[in-house]
Structures are given as structure tokens and as C-alpha cells.
Amino acid sequence: MNSATRMTEPVLEVRALCKRFGGLVATDQVSLDVRPGEVHALIGPNGAGKTTLVHQLSGTLPPDSGSILFRGDDVTHLAANARVLRGLVRSYQITSIFRQHSVLDNVALAVQARSGSSFRFWRPVRDESALFDEARAVLARVGLADRADVLAANLAHGEQRQLEVGLAVATRPAMLLLDEPMAGMGPEESERLIPLIDGLRKDVSILLIEHDMDAVFRLADRISVLVSGRVIATGTPDDIRANADVKRAYLGDELEAASGGEA
Amino acid sequence: MQRALTLAALALAIAFPMAAVPLDLDFYIGFASRVMIYAIAATSLNLILGYGGMVSFGHAAFFGTGAYVVAIAMTHGIDSLWVSWPLAMLVSGIVALGIGAISLRTRGVYFIMITLAFAQMMFFVFIGLKAYGGEEGLNMPHRSVIGLGLNLKNDATFYYVVLTVLVATLYLLRRLIDARFGRVVEAIRENEARMETIGFSTYRYKLTCFVIAGMVCGLAGALIANQTRYVNPNLMHWIVSGDMMIMIILGGLGYRFGGVLGAIVMLVLDEAISPYTTYSKIVIGFVLLAVVLFAPRGLAGLFDRKRVRAGGGHG
Amino acid sequence: MSGLFLFEQALNGLQFGLMLFLLAAGLTLVFGIMDTINLAHGSLYMLGAYIAATIAQATGSFVMAVPLALIATAVIGMLLELAVLRRLYTRDHMSQVLATFALILIANDSVRMIWGPQPISLNPPAALSGPIDLFPGMTYSSYRLAIIVVGLAVAALLYLLVTRTRTGMLVRAGASNREMATAMGTNIKLLFTCVFGFGAALCALAGAMLGPILAVQVGMGEDILILAFVVIVIGGIGSIRGALVGSLLVGLVDTMGRTFLPMILREVFSPQVASNAGPALASILIYVLMAAVLFWKPQGLFPARG
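Chains as they are written, first to last, in the numbering used here: chain A, 496 to 758; chain B, 65 to 379; chain C, 23 to 328.
In case anyone wonders, no lab produced these hints; they're calculated from the structure.
Hints are not guaranteed to be accurate.
In silico negatives: residues of chain A with every beta carbon more than 10 Å from chain B [claimed, not checked]: (1) S562; (2) V579; (3) V584; (4) S591; (5) E623; (6) A678.
Negatives, chain B to chain C, calculated, CB over 12 Å [as the list claims (entries may be wrong)]: (7) L76; (8) P86; (9) D143; (10) N203; (11) L214; (12) N255; (13) S305; (14) M309; (15) L317.
Here are the computed distance ranges between Cβ atoms for each label pair [stated by the list, open to error]: (16) A:L519 / B:Y235: 51 to 59 Å; (17) A:T555 / B:A232: 38 to 46 Å; (18) C:S132 / A:S560: 38 to 46 Å; (19) B:R293 / C:A149: 36 to 44 Å; (20) B:I303 / A:Q524: 52 to 60 Å; (21) C:K319 / A:P540: 49 to 57 Å; (22) A:A574 / B:Y235: 32 to 40 Å; (23) A:Q524 / C:R263: 29 to 37 Å; (24) B:R293 / A:L646: 49 to 57 Å.
Glycine included, each C-beta is placed from N, C-alpha and C at the ideal position.
With the hints as constraints, model all of the structure from the sequences given.
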């Protein structure tokens, strides 16, 4: 797989991205790329600037310098919602769903965003069966098919995380920025999410930010390591495991724990 | 159940003028018209505030604008309802577009203060417009001309016109809320950031919603000008904006009949208290304070405990 | 001549701006620290003016009336905070607007019950009732000059208080970052009550000082409250410096606009245009200013939060 994708143009290309908050450098000359069909994991200690980077890639935070290319176009200054319509979609580390809507309505909203204008004032949404058919298909994909009519607020934490990813998937992304999809999940719940993400890579490229090293080493084609806002290494899981800088700066113990579960 | 109640209320509203004359209650035909006009205005505010979560404190600006358009058009010889009422909606919509375009760039307390400030600006503009009466306001020689063999001078006829507008407003509100657009607006109230990251340009939806509400409120203004045959800047005073807000908090935020219920409660309360005391506002003040502190979902919330989408807005 | 006239109008603008600052300062701190919108701030201004007028009539001493009105209004403000406002900090803005709007209705009718519907008079102290020679050829109301002096003194005091004292730093920290103030282990509840009472006292000062110039009447608080909102939107929520700059801008633009815009219109167009459109145009100047600031700096000129 790696040898095939290496030939094609990257879906996402980040060039020398910088972001400062006062004296603090949150993103320091970050360059990385994600290839079609690839799961590219971004790991690093807390406070390394991973979420800040996602904010810039998704368009909620303007970078100070550098550029972001998506499918060959410069999207550095594009509004967040416009990036979504082009296929660059994020999910949140802290669950952000429509808690007072049903699970099905949550996903139907995301489908609605990508299927035609929503400046429609007359026809009831409930008559638009196409929206709900597609939403149900997404729910099946993220493992929530039997929870469609539950109020999102009443889902278990793990299910809310699945819905979080479902919202992103429903927008028919070409590329997903998954910000710690397994945050706060128990091992059992994580086990459900790993094949889900694995199944997405058929048609979506993924930038995966994750603390769960077991998941990272099972899913990732390549891994980049972010420390203090800088990418200190990029490579295959084996490269990263062997990298002395990475060991010193970050992995150490975590790697030991993960090596048993590698796919 | 609700459908039956709605139809019963509608039947009652249709029968009222016919019963009022023999019962010697014709004074109340005018009062009922006024209640319905405020119900339309409050319902339009409910669209942006209750459904959309935009805490606009300047809604009276559109009410007053609609009223002034009808009165000013009449001084220029335009007295056809079919011209001046749509014109009132158009002008109110343009004003709403201007105010909304600027104030919707902000949120939270900024949005509240800015909508309030712009409404106050409109208030001062009309006080300053000496050509159209300034502080004194404008008298209308007669009500708008409807044609069709009808005359709005007749209070019962005017009542039915207002009722028609109210029913149409409520029906349109329902269509709009159930349609794609309404879905988007309600979801923005709940989680605007997420709406952006699933691909909606929330600003455009909020602005459209704001303009629609402004136009409907402008139509209510056109009606109030006809009801009293007199307009003055006080129609757009911020106390009027506050009254509209009170109506929908009393009636129920984001509840389809919230504006109607609230207008009835508020104006009937006012009418009932005012013969006994000149201090009716203090009573309303205490009632409002109690409702906000102890029953934040309004009267509709008291009756309808199943409702999950409790109002409140994210302001 | 016209130079002197311009100077006089500038002084009037400064005087009005400084009084606006007294209101805006308290309001912006409540916004910033508690993230709470308080419409009843104008009612405290009204109460301050009424109490000052009552004491001044009873004692015949304006100088005694002002500090007493400050204390009384501060106490009322703190009681209000304890009884109502405190319950609103965690509520949404909609509830805050409605509850404090209810307070306005209650305050206005209460004032009508106690003092009657007619405006009451508040006379300036006799020593300040006449004009004063600022320099040869320039006389100015000595009372207005006193307002400017008091306003500048309070602004300076407030600046020292907020930047130089520990409490002031806490307040500032709270206005830009609530968690930080909590983390510093302050008794936040007590701090809120005190800040609110302090804001009420500033309101009363403005009300008492402006009473002799404007009318002491029901509803006086609302018009000036909206101006204070405009000030805060221009200056940036939670910023004392922003409130000062915004107040002076609004005071100057409003006063100068009302005087000079009709004059300019008369010169450029015709007297008829000036009398028809002049007042309307002059009254919207500050709102245009606000819209312009918002367009370029949506967070105000001095955003307290980064």
C-alpha cells in the first residue's frame, strides 16, 4: 500500500506553518503531508500543539505564516465551512454534537450540509427520505444503527464519540482530521472504534491525532511526532519505533506498552 | 390533542366579533385586534430568539419602521393596502438586513447591546425627522384601502384581516421551522461551532432568519399603524422591544404559539390591572422576575413537560 | 469667536464623556468579570440622582447630599446583587436581560410611587451656580467645570485603583480571565458584591452630578444606559481604558455633532435641509461611529480578552 500511494500527489500538504500566542510558539514551522488513502498519525506529548494544528487546518484559527494545500489548492485563508464543502473535515477532541437532537437528526444535519441548498423554507425535512436514508447508512457505518432514535444527550460516552466521528463522516469527506477520537474511552470502546476508522480508509485519507499508542501503531501507515510545536520525526511505525530522538523526547515507556499489540 | 385545541381556538377567534356585538362587547374587538398584532410581532421575535437563539433587543425598530412606512406612504397619497403593506415589509427587511449584517458579526452581550443601540438610533432618527412629525408623530386620515368591496374602517373587518395575517404567520412559521432552513436555524442555536464544521455558513442563515423576522415584524407594524391610525417614535422605543421579549418568555421560547400566548397574557394582564392602579408595570416586573428566576421555560413550559428543546438560547 | 465656541463645545463634550465614563466603568467590569448584562445599571443612576435630590432638599447642602447618595446607592446595589444578580451569573444572557429589564420596570414604578411622576429639581451648590472666567474673553459654567474636575479625579482614582492595588489587579484578572481570579483563591462572591456596589456608587455620582443639568425624572437612566452600551462596544468589554476612551469619544462626537452638523448642513445645503435632516443625522453619529469600530475591530478598541 505504501509503495503505491507514494507515487500519487498528497491530499493534504502543510508547509512551514507557524502560530504564536504572545511569546509562546504553538506551531513552529510544521510541514507534513497526507497521501490518498493513508492514515497519517500525529502523536506527541500534551501541550505539543496538536489541537492548535487541527484548528489551523480546519480553519478556526488563522496561522501566522506558512500554507495549507488541500488537493492542490491553497486553502490557508479559506473559511472553516468552505473547507468542509471541499472535503476537509474535522472531528473534535471534546465531543461536539447536537445534544437535544436525536442521533439520526444529528447525522441528517450533516448530510443536509452536503446535499443541496438548505435555503429551503417550505418542504418539511421529514419528507426528504433521501437525507435520512443516507444518514442511516452513515449510522450503520459508525455502529450506531440501532441507536438512531435516541436523544444524543442520552448516549453513553463511547457512543457519543462514535456519533462525533459519524457527523464528520456524513459530510462525505475526502480527508478527515480526527482529533483524539478515542479520548476518554475505555479499552472495550476503543476496540469498537479501531475497525471503524480502519474501514474508512478505503475512501478517506485520515490525519489521526491520538494518545492511544496501541491504536496508533495498529492504524497508521505513517506517523509524525510533534514536540513543542515542531515535527521532530516522520516515518513508518517501524522507523518511529527505532528513532532515538523520538524515544528521548516522547515515546519511551509508551512504546514498550504498545509493541505487544501491533497489527 | 394540540391540533384540536388549535382548531377550537381558531373557531373561537372567528366567532368572537359576531358574538361581541350582541353581547355589547364591541370595544373588545379593537382590543383583540391589538393583541393579535402584538402576537404577530412577538412571534416574529420568537423566530430569531426562541428558535435561532439570537437575543435581539431591538425588534421594535422593525415594528416602528413598518408602521411609519404605511403612514408616510399615505401622506404621499399611497393608501392601497396591496402597495403599502408589502412596502412596509420590504423597508423593514432592508433595515433588518443593515442592522443584522453588522450585529451578527458579534455574539453574546455584544449582540444584545448592538441591536439595542441600533434600535435606539432608529428611534432618534424618527424623532429627528421633523418632516414626518418628529416627536409628535403622524396621524393617518384613514386606514389602508383594501378594495374587494371591503372597508377596514369597520372594526370587525379589520379584525378578520389581522386574524388572517396572524394565522398565515403561524402557518408560515411552522412550514419554515419544519423545512431545511428551520432545522439549520435551530441547530445553530444549539451548537453554532459544530454547524460551521459540518459545512454550514451560519452567518448567512442567521442573517436570513433575522431579515425574515424583521419583515414579519414590519407587517405587524403596518397593522398597528392601521389599528390606531397614528404613529410616533415610541413604537420603536426599546421598552417596546422589551415588552415583546417579555411576551415570548411568558408564552414560551421556541414554542410555536409562544408569541400568541404571551401577547394574550401580557396585554390582558395590563388591561386587567390598569383600572385599579397606574402602576401596572411594577406588577409585570415582579411577574417577569419570578418567571425568569423560577420558571425559565415560560407558561408553555409549564404545560408541556415533554418538550425537550427547552428554550434559553446561547445568547 | 468660533474658536472659543469650539473650545466651549469641546469642554461640554468632555464633561458629558466623563460622566458617561462613570456609568460605563462599572458596567464594563460587571460584563467583563461576571459575563453578565445588567440593564438595571441605569436604574441605579436614576436612584442616585433621586436620593441626592431628596437629601439636598432636606438638608440644603448639595455637598453633603452627594456622598450620602453614593453610600445609599452602593448599599442598594449590593442588596440587589445579593438578591437577584447573583442568581443570574450562571444563567444565559436572555435570562439576564429579562430579569434586569424586570428590575427597570420595578425601579421606575417604585420611583413614581415615592417621588411622583413629575421631574424633581436638584440645584447645584450656590458657589457653583454662576459662570467663571476661564481666561480673558472665555466664560464657562463653573458647575460644568466642577463636573469635569470631579470626573477627571475619579477617572485617575479608578486608574490607580485598578492598576496599582491588589484588589484592582484581581478585578482586572477577573475581567480578562475568570478562572485565573478563582485560582488566586479570592473570595469571588464577596469580590463580585463589592464590585457591583462600587459600580452602583459610580452611577450615583454620575446621577447626582448630572442632576442639576439634566432633569431628575423617571426614565433618565435608560437613555444614558444605551449610550453607556455604545461606549462599551466601542471600548471593548471589560476594559477600563476602553471605557474611558470610548466615553470621551462618544461624549465629544455627540456634543460636537449636535452643535456643528446642522451648521455645516446649513452652509453646504440649505437651512431647510439643515432643520429637516440635521437633528436626525446628528443623533445617529455615535451609532455610525460604533458601527465603524465594529467593522474594523469587532472586539472593540481595547479588547480585554486576547
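Each hint, compared with the structure:
Separation of A:S562 from chain B is adequate, the least Cβ-Cβ distance of about 21 Å exceeding the 10 Å criterion. Once the 10 Å rule is applied to beta carbons, A:V579 is inconsistent with being away from chain B; the minimum gap is 4 Å. A:V584, annotated as away from the interface, has a beta carbon of chain B within 10 Å; the closest lies near 7 Å. Not every CB of chain B lies more than 10 Å from the CB of A:S591, the least distance being 5 Å, so the non-interface label is violated.
The beta carbon of A:E623 sits about 8 Å from the closest Cβ of chain B, which is not more than 10 Å, so the claim that it is off the interface is violated. Against the 10 Å criterion, A:A678 stays outside the reach of chain B, whose nearest CB is about 16 Å from its own CB. For B:L76, the shortest C-beta to C-beta distance to chain C comes to about 30 Å, beyond the 12 Å cut-off, and the non-interface label holds. For B:P86, the shortest C-beta to C-beta distance to chain C comes to about 38 Å, beyond the 12 Å cut-off, and the non-interface label holds.
The claim that B:D143 lies off the interface holds: its Cβ sits roughly 24 Å from the closest Cβ of chain C, which is beyond the 12 Å cut-off. Listed as outside the interface, B:N203 is consistent with that label: its C-beta sits roughly 19 Å from the nearest C-beta of chain C, beyond the 12 Å cut-off. The beta carbon of B:L214 is kept farther than 12 Å from every beta carbon of chain C, the shortest such distance being approximately 37 Å. The claim that B:N255 lies off the interface holds: its Cβ sits roughly 14 Å from the closest Cβ of chain C, which is beyond the 12 Å cut-off.
At roughly 9 Å from the closest C-beta of chain C, the C-beta of B:S305 falls inside 12 Å, breaking its exclusion from the interface. With a cut of 12 Å on Cβ distances, B:M309 falls inside the contact zone with chain C, its closest approach being about 6 Å. The non-interface label for B:L317 is inconsistent with chain C: the shortest C-beta to C-beta separation is roughly 8 Å, within 12 Å. The given range of 51 to 59 Å is respected by A:L519 and B:Y235, whose C-beta atoms sit roughly 55 Å from each other.
For A:T555 and B:A232, the Cβ-Cβ distance of about 41 Å falls inside the hinted range of 38 to 46 Å, so the restraint holds. Between C:S132 and A:S560 the beta carbons are some 59 Å apart, a value that contradicts the proposed interval 38 to 46 Å. Hint check: B:R293 to C:A149, Cβ distance near 54 Å, so the stated range 36 to 44 Å is violated. The hinted window of 52 to 60 Å between B:I303 and A:Q524 holds, with their beta carbons roughly 57 Å apart.
Between C:K319 and A:P540 the Cβ separation comes to about 37 Å, which falls outside the hinted range of 49 to 57 Å. Separation of A:A574 from B:Y235 is about 35 Å and conforms to the stated range, judged on CB atoms against 32 to 40 Å. A C-beta distance of roughly 36 Å is found between A:Q524 and C:R263, which places it inside the suggested range of 29 to 37 Å. With their beta carbons about 51 Å apart, B:R293 and A:L646 fall inside the hinted range of 49 to 57 Å.
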